[in-house]
Amino acid sequence: MSLLEINDLRIEYVSARGPFKAVDGVSFTIERGEIFGLAGESGCGKSTTAYGIGRLLRGPARIAGGSIRFDGTELTELSDAQFDAYRWARISIVLQSAMNNLNPVMKIKEQLIDAILAHRKATLRSDALRQAGELMELVDLPKDRLERFPHELSGGMRQRVVIAMALALRPELIIMDEPTTALDVITQKGIIDKIIELKRAFGFSVLFITHDLPLMLEICDRIGVMYAGRIAEIATRERMLAGARHPYTQGLLRSFPSLTGPRVRLEGIPGSTPDLIAPPQGCRFRERCPHALPQCGNEAPFVLEDRDGRVSCHLYAKEEAFDEAAVASP
Amino acid sequence: MRNKRTLPRERSGKAKLWGGACILLIFAAVSLATAQIAPYPKNDMEFEVWLKPSAAHLLGTDSYGQDVFSQLVYGTRTSFLVGVLAGLITTIIGVLVGVTAGFYRRWVSDALMFVVDLLLIIPVMALMIILASFLPSMGLTSIVLVIGLLSWLYMARSIRSQTLSERQRGYVEAARVAGMSDLSIMLREILPNLYPIILANLVSVTTHAVLAEAGLSFLGIGDPKNVSWGTILALAHANNAIMYDAWWWIVPPGLATALFCFGFILIGNGSLERFRHKRGASQQT
Amino acid sequence: MRIQPSYAVRRVAFAAATLLAAIVMNFLLPRLIAGNPAEMIASQTALGSPEVAEAIKKQFGLENDSLLYQFKQYIVQLVHGNLGISYFNYPTPVAEVLLKALPWTLGIVLLSTVLSYAAGWLIGIRGALKPGTWFDNAALGVSFFINSVPYFWIGILLILLFGYKLDWFPMGQAFSVDYDSLSAAGKLRSISYHTVLPIVSLAIASLASHILVLRNNLSRALTEDYMVLARAKGLSGRRRTFHYGVRNAFLPSFTGFMLSLGHVVGGAITMEIVFSYPGIGMLTYNAILNHDYPLIQGAFLMIAVSIIAVNLLADLIYPFIDPRVNLN
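Heads up: the protein sequence lines correspond to chains A, G and C, in order.
The working numbering puts the first residue of the first sequence at 1, with every later residue one more than the last.
The working numbering puts the first residue of the second sequence at 1, with every later residue one more than the last.
The working numbering puts the first residue of the third sequence at 1, with every later residue one more than the last.
No lab work stands behind these hints, which were simulated from the structure alone.
Just so you know, even glycine gets a beta-carbon here, dropped at the ideal spot from N, CA and C.
Careful: at least some of the hints might be erroneous.
[Stated by the list, open to error] Simulated crosslink set (DSS-like; lysine-lysine; CA at most 27 Å straight-line):
#	chain 1	residue 1	chain 2	residue 2
1	G	K52	C	K165
2	A	K121	A	K189
3	A	K143	A	K121
4	G	K16	C	K130
5	A	K189	A	K109
6	A	K143	A	K199
7	G	K14	C	K130
8	G	K14	G	K225
9	A	K189	A	K199
[Said to hold, decoys possible] Chain C residues, not near chain A, derived (Cβ > 12 Å throughout):
#	residue
10	M25
11	L102
12	L115
13	S176
14	M227
15	Y244
16	N248
17	P278
18	L289
19	L316
[What the hints assert, rightly or not] Now the in silico label distances, taken between C-beta atoms and shown as ranges:
#	chain 1	residue 1	chain 2	residue 2	range
20	A	G33	C	F242	37 to 47 Å
21	G	A33	C	L188	49 to 59 Å
22	G	S161	A	G18	47 to 57 Å
23	A	A317	G	A174	46 to 56 Å
24	A	E77	C	S236	36 to 46 Å
25	C	F135	A	T76	23 to 33 Å
26	A	A300	C	L122	19 to 29 Å
27	G	I37	C	R10	27 to 37 Å
28	A	G33	C	P252	38 to 48 Å
29	G	A33	C	H291	34 to 44 Å
30	C	F135	A	S126	54 to 64 Å
31	C	R10	G	A174	31 to 41 Å
32	C	T223	A	P214	24 to 34 Å
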């Protein structure tokens with residue numbers, strides 16, 4: 001059984017013109033000990049998906065349908081009080097910007113132990129403080145930083161604190177939303193290495209969200225690529241490195257410079273994403289797709305599923321009749 | 001995702017602007033046509049005293065036998081004039097100081113803001129009292145000047161911080177590279193972007209000016225010959241209107257200031273909402 | 001947490017500069033404005049009394065000494081606590097008249113500030129936590145209304161309602177007529193009874209800005225990332241609201257709170273007149289009516305000094321409350 005199974009998840013924001021379908025039928029699984037990446041341009045629904053799983057949606061948003069099974073339990077059916085047992089203890093989160101993750105007016109130690117004390121009510125404060133010290137060691141921070149306030153630490157240190165905090169209750173799943181975006185390259189590298197090291201030591205799973213595909217290719221076991229509220233393609237790292245199958249993923253990969261690969265001209269993908277209040281029929285990428293077929297306009301994309309992953313695209317409707325290489329090479 | 005909330009906000013911003021404009025137009029009309037609207041001449045004391053409101057005297061009469069409604073109409077003109085003129089003076093100084101302090105870094109900015117912070121601590125009301133009581137005579141002009149010259153501090157601060165953030169936006173650098181002079185960058189590039197903030201501030205300083213005039217009149221340092229909402233209240237209090245249960249002499253002037261300020265507040269909030277809406281839209285692209 | 005010396009020195013220096021500015025203004029303004037009219041005022045007010053005429057001359061700098069020399073004299077007098085002689089209360093020194101009135105003003109200003117700040121907190125927090133509800137909208141509406149009417153008008157209305165119509169509270173004065181014959185407890189009771197309406201009026205009048213500021217700060221804090229993280233951590237609603245939200249909302253409001261004291265004092269001046277309350281405001285009013293210039297100037301200085309002192313105190317307390325201040 002997978003740790004997390006998401007099936008046909010739909011999340012809507014209330015708007016004056018009608019529901020804004022930020023996530024519209026998303027399905028994927030995360031295995032134990034796996035780092036699963038969710039990629040896509042901003043506004044594609046990757047963060048909304050993650051926040052939906054953690055019941056952290058802001059504003060007038062609601063889960064409109066689908067299922068989220070965590071370790072066999074259907075999370076969408078739990079009451080808020082029941083879900084509290086899952087918060088942090090089993091699912092924790094590392095948030096986007098390094099700056100405002102931490103409460104500016106509380107000492108680091110208070111913020112590390114308040115989650116421990118909230119969930120393990122019998123814990124003594126002294127024990128919680130000892131645990132906080134151990135957590136700091138885990139992320140290579142000196143213990144005296146516990147007495148500091150967030151503004152007294154560098155951005156990289158703050159993000160290490162946040163990761164230590166996420167580990168406090170040894171959760172099985174950590175959602176990481178752009179954990180390194182605001183940091184410089186060297187700090188970024190240190191944090192990523194730390195995450196991988198800790199994952200090996202504790203065996204948690206990670207839902208890793210970023211728009212930085214090369215970074216994702218470096219650390220994720222499998223990658224899901226989202227476009228306009230849907231998953232275009234899920235592929236193993238090996239499959240992605242060998243060449244993505246969905247035209248959108250191909251375009252996305254081409255818009256990043258590669259440090260190791262041959263120098264290619266960077267190209268963004270022309271066009272803009274469809275309106276998610278009244279999304280178009282058929283494939284949502286059609287308007288921007290260089291390989292669009294007539295049936296893309298009205299039929300839902302063909303879904304090809306194999307051991308490499310899953311791709312939703314009409315190009316793969318008749319695999320045998322289709323020369324894959326012709327699509328893959330620009 | 002931002003556009004999901006901007007539609008109603010834009011509409012409400014517009015509605016507020018229109019509502020506020022209507023209220024202010026009515027006040028402007030009243031203060032222009034006082035003689036036509038007021039049923040009796042100014043300071044006419046020919047009636048019986050302490051009359052309750054009736055058809056002949058919409059808001060009754062006061063202890064001098066003056067028609068309260070007529071006095072209120074004449075008072076509108078003074079309060080309107082003081083509010084608008086003092087508000088304008090304040091705005092001009094506030095914008096000048098704020099933009100200068102925001103545009104020039106280093107000592108100009110530091111020095112100006114030091115002075116502003118210094119003066120902010122000293123209570124303006126007390127300063128107005130001392131100025132007003134030492135001026136040889138308190139005409140409408142002196143009142144306008146005293147209020148106008150002493151109220152620009154908060155505004156200078158807010159304009160400065162907005163100027164600072166405008167500076168961060170690329171266009172100022174671009175204009176400089178293009179060889180524009182400091183003055184024309186300030187006037188042509190920065191100032192137009194500040195209009196909504198300026199308008200919002202204009203609103204609050206005008207409101208403040210009307211209330212300050214009322215306060216000074218109440219203290220007896222206004223122009224004794226002029227009628228304003230503040231002098232009406234001062235007279236009502238001095239003549240024990242409360243003991244005569246003469247609410248018609250007490251309540252209307254206060255409500256008039258409330259309605260007048262409400263008009264300005266609507267305009268200020270409406271313009272801010274529209275400004276944020278536009279900013280939000282332009283940031284997305 | 002301790003105050004860094006450089007910070008403390010800077011704040012004290014700033015307070016000193018403000019004080020100097022207030023003193024210079026107090027010294028210069030009458031001299032700049034007055035000129036010839038002062039002679040006129042002097043001859044009108046002195047009413048043939050040579051002592052008063054002499055005092056007025058000194059006050060306005062009508063002697064032929066240089067401005068600098070006059071300023072030196074003025075400072076020397078100030079250092080000795082000599083603010084001149086009140087014309088109206090001749091020959092009582094201004095300082096004595098002011099000191100008698102000060103406690104009354106301080107009492108209603110401080111109590112009403114605490115009251116309105118506390119109420120503003122409760123209302124502002126509730127509004128920010130449940131934005132758009134009838135409660136929130138009503139609070140906002142009332143706030144805008146209060147901000148649009150003169151302070152003293154609120155006082156007059158409350159007297160009309162609770163003093164005259166309902167007769168729950170006295171309509172003015174700080175104590176009853178038979179005050180001198182009362183026991184200590186009776187005196188206290190009389191003072192408290194008389195002080196309710198002035199305090200409540202002043203509190204209502206200054207409530208609006210507290211509500212608006214706190215509501216604004218808290219709703220901004222609630223959208224911060226650390227609030228999302230606090231929710232993800234499974235912290236209780238109470239802890240999230242108070243330790244994460246309200247604490248962050250409080251800090252920026254603290255300085256504003258201190259700045260607002262100036263407004264409250266300004267409001268207290270007119271409010272005291274409404275209630276015939278024997279504080280600095282009433283004193284100033286009478287001084288204006290009687291052209292008692294030394295007293296007007298003394299009152300201004302007294303108000304300025306009190307507010308500068310309170311602000312300095314706030315600046316020095318602030319680092320204990322907000323850990324971020326000491327940094328720069």
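If you test the structure against every hint from before, which numbers come out violated? 2, 8, 14, 15, 16, 22, 24, 26, 27, 30
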